[in-house]
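Participant: This is what each chain is made of:
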Amino acid sequence: MTTQWETVIGLEIHTQLATQSKIFSGASTAYGAEPNTQACAVDLGLPGVLPVLNEQAVRMAVTFGLAIDAHIAPHSVFARKNYFYPDLPKGYQISQMDLPIVGNGHLDIEVDGETKRIGITRAHLEEDAGKSLHESFHGMTGIDLNRAGTPLLEIVSEPDMRSAKEAVAYMRKLHELVRYLEICDGNMQEGSFRCDANVSVRPIGQAEFGTRAEIKNINSFKFVEKAINHEIERQIEVIESGNKVVQETRLYDANKDETRSMRSKEEANDYRYFPDPDLLPVVISDEFKETVKATLPELPHAKKQRFIEQYGQDDESASTLTSSRELADFYEAVVKDSGVEAKLATNWMTGDVLGALNKAGLEISQSPVSAERLAGLLKRIADNTISGRTAKQVFDKLWNGTATADEIIEQEGLKQITDTGAIEAIVDKVIAANPGPVEQYLSGKDKALMALVGQIMKETQGKANPGEVNKMLIEKLRG
Amino acid sequence: MYNLTIAELAKGLRAGEFSSVELTQTYLQRIHQHSELNAYVTVTDELALQQAQAADAKLASGDASLLTGIPIAQKDIFCTLGVKTTCGSKMLDNFIAPYNATVVDKLNQAGVVMLGKVNMDEFAMGSSNETSYYGPTKNPWNTNTVPGGSSGGSATAVAARLAVCATGTDTGGSIRQPAALCGITGLKPTYGRVSRYGMIAYASSLDQGGPMTRSAEDAAILLQAMAGFDEKDSTSVDQPVPNYLADLNKPLAGLKIGLPKEFFTADLNSDMVATLEAGINHYRQLGAEVKEISMPTLKMAIPAYYVIAPAECSANLSRFDGVRFGYRCENPADLADLYTRSRGEAFGKEVKRRILMGTYALSAGYYDAYYIKAQKIRRLISDDFKNALAEVDVIMGPVTPTPAFGIGEKLANPIEMYLSDIYTIAINLAGLPAMSIPAGFINGLPVGLQIIGNYFDEARLLNVAHQYQQVTGWHQQVPKGFE
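Residue numbers (our numbering), protein chains in the order written: chain A, 17 to 495; chain B, 219 to 701.
Hint data in this document are derived by calculation from the structure and do not stem from the laboratory. Here a beta-carbon is modelled for each residue, glycine too, at the ideal position from N, C-alpha and C. Among the hints, a few may not be true.
[Stated by the list, open to error] Computed list of lysine-lysine pairs in BS3-like fashion (alpha-carbon distance at most 25 Å, straight line):
1) B/Lys-308 with B/Lys-570
2) A/Lys-97 with B/Lys-570
3) A/Lys-97 with B/Lys-229
4) B/Lys-591 with A/Lys-97
5) A/Lys-97 with B/Lys-594
[Stated by the list, open to error] With beta-carbon atoms standing in for the labels, derived distance ranges:
6) B/Ala-275 with A/Tyr-47: 47 to 53 Å
7) B/Leu-598 with A/Asn-271: 44 to 50 Å
8) B/Phe-447 with A/Lys-238: 35 to 41 Å
9) A/Ala-310 with B/Pro-460: 38 to 44 Å
Given only the sequences and the hints, what does the whole structure look like? Please build it.
Facilitator: Now the structure itself:
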């Protein structure tokens, strides 16, 4: 009998907090500057310098804690994590160990239509290290300390996930949340949102966890899924061939799609954590918590429920349109500006707008068509100035230019013919010119009607309202 | 001129009896003349004269403080912009600080003239100034003896009239012990009273900068300029700085003095006891009430200190890795070689010993037994002081077990060396302010009396010390050959 395996996954996610300055110094956190131009005396770890905590980072950590319904520690402590590395200027990282700022919380994910609650053990504040640059220094290593001291919130989940799919769903949900809260820009290419995964397997039914491996630095949703699935297979293979999984840290190689060992438990550092005597304990008052709570935005889940109720959206549309705060805001701006029925806006957003953005590889914030210009278009559909079909042409022009929908309709003469006399003349003309299809329709072939409508639309250059045409044609044919 | 105190010099400068430039020249000349004391690591002649000229201009315009134009020695632990800052170590022999410590900035704003940077035990680890990479500083009272440490260069400079006053730092006694051994006045303020920014860290939770002067009045003037909240130091305390000169002349009638019986045991020899008792008798005559108190946890101070301070220093000194500044070994083979040789070649024995002790105390499996236990002891010691200071206004006792000991005498025996701080270390653990004032001599060597006060009660300490100095002359004694 072959054993059925169950996977157990916990994630540690490092989110770079979107503060202007570093967690313990006044240097800028902007990405992409010339090496070592954003590293002040404190970031360089010069003799005698001292850290001063950035209050904004604390506020962001508390914001996150409140959003996941977590315990906010009234008293949390920074500790020194000691290890030597050239891009770690002080020889220790200031982090939190025994008393993190955010305690027990949770996040609900949805996988295959099922909702599952994932526990979040803790989230703590720490400083990032710099970067070692191994290229182009002739056998030497360059050190760039611009990133040193950038604030991170390390979010540690419970080992509650049972598949790579769940892990990805959790990661996406967290990614969505931190951007909603505007505490992290979520830019994975720039390393603003990085993931380490703890993975183990055990025979189904076994209560104890298997030995876990930690996979470091998996920096895209796709890689997380691949890396975890790869690791699951590897561990099952190890066990099934009679060996034991060893506790170790493994690195995912996206090019080869494999994980390889970095260091074993025995080689692991003894970080000799102890409270940092340069920093006072962080004290969070109830009052502070309340002020932060008051600034919390509507969270994704609540927003989705509201979209379903307020705009009559189905579950899928609501999920899509609330997947980022910018997208939801865009949608609501369109509804508000246009004053049209919400359904029309929903269809355009989930269809044409997101389709065009995906095709162009753009975020909603980069959309060439603003909410206001889109609203201008929807207004003209709703008041029958243009047909839905014409609207698609106008949208293309909105996308590729700067004119408003009204300007485009005017310039291109796309206004729908509302003069029934003019349409009637064309209908009569088409009926007279197409005795065949008329005959077919009257003998019961409904399809023939479409050919006649098509002819009429062609004659009107699409400017007639297809519904009107249809109605008029049937009336005339039925006499 | 070089025997005058800050207060006296300030008058002379204003009266035009001499200029700051003249005063500075006199001191620079003395420094070079007495280089055998090895008090200075760096003498900043040119900078000093520039500052003196600027001070004279300020004095002439009437825009001057009591410290304007006063020549000072900075302990080489304070970063000084554009000036070598060595911390007494080969590791920083090539380190030119790119910024000023807050204390240095504040003193510069007050108009001081920096004569140079004075010698110290390497990274402030030592009680004799013998661990300095630059060799031991000598005690001007007897050049075969040590000046104490770690602020030994500061104490010698002030005692030998190679500076009017000096800055020091005190982690376990490093201001008070050398002040006692050199017969000057030294004050370790409450932890958090003086900014630590730019003061190279030894043990961050204990380090505190303070004044080293010829009199309590001078200490008040210097502390006035050094103290205050600094937003760059999270552990500095945001509390207004009182006028330290205001209370100097308050009578001491009714002052309650506590003498911990744990300070006056058989370990303290009879000469020391007699000298201190004579000192305390002056206070009785000034109307103070003296009573014996008990602080049973004091005996645990040294073991607790030698866990906490090395633990903190083991992390504080990790930044000296040969990567960004300071000493780097020649031709490192790889990263591990760069680290081990740079640190191995540039740190002295005592620094290595403390890094090893601290690393050990923080290691997995030992942390609770050492570091956590030491922190608990620290709390007990603080409680003992708190209880005692609820009963009495100040606590008095010895600063050191003996007067200055011979150069080389204790270097080979670290434990014996550590015991020279037995009366000072507990105060750092509690974070309290304390002073050392000259209280007599044994065999021609000065003896210090320690006065310990409550948190932020520096004004009272200065008052208590000043009143003593109004009725005694110990602080006015000048070592032979330096008059």
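Participant: Need the list of violated hint numbers for this structure, in ascending order.
Facilitator: Of the numbered hints, 3, 7, 8 do not hold.
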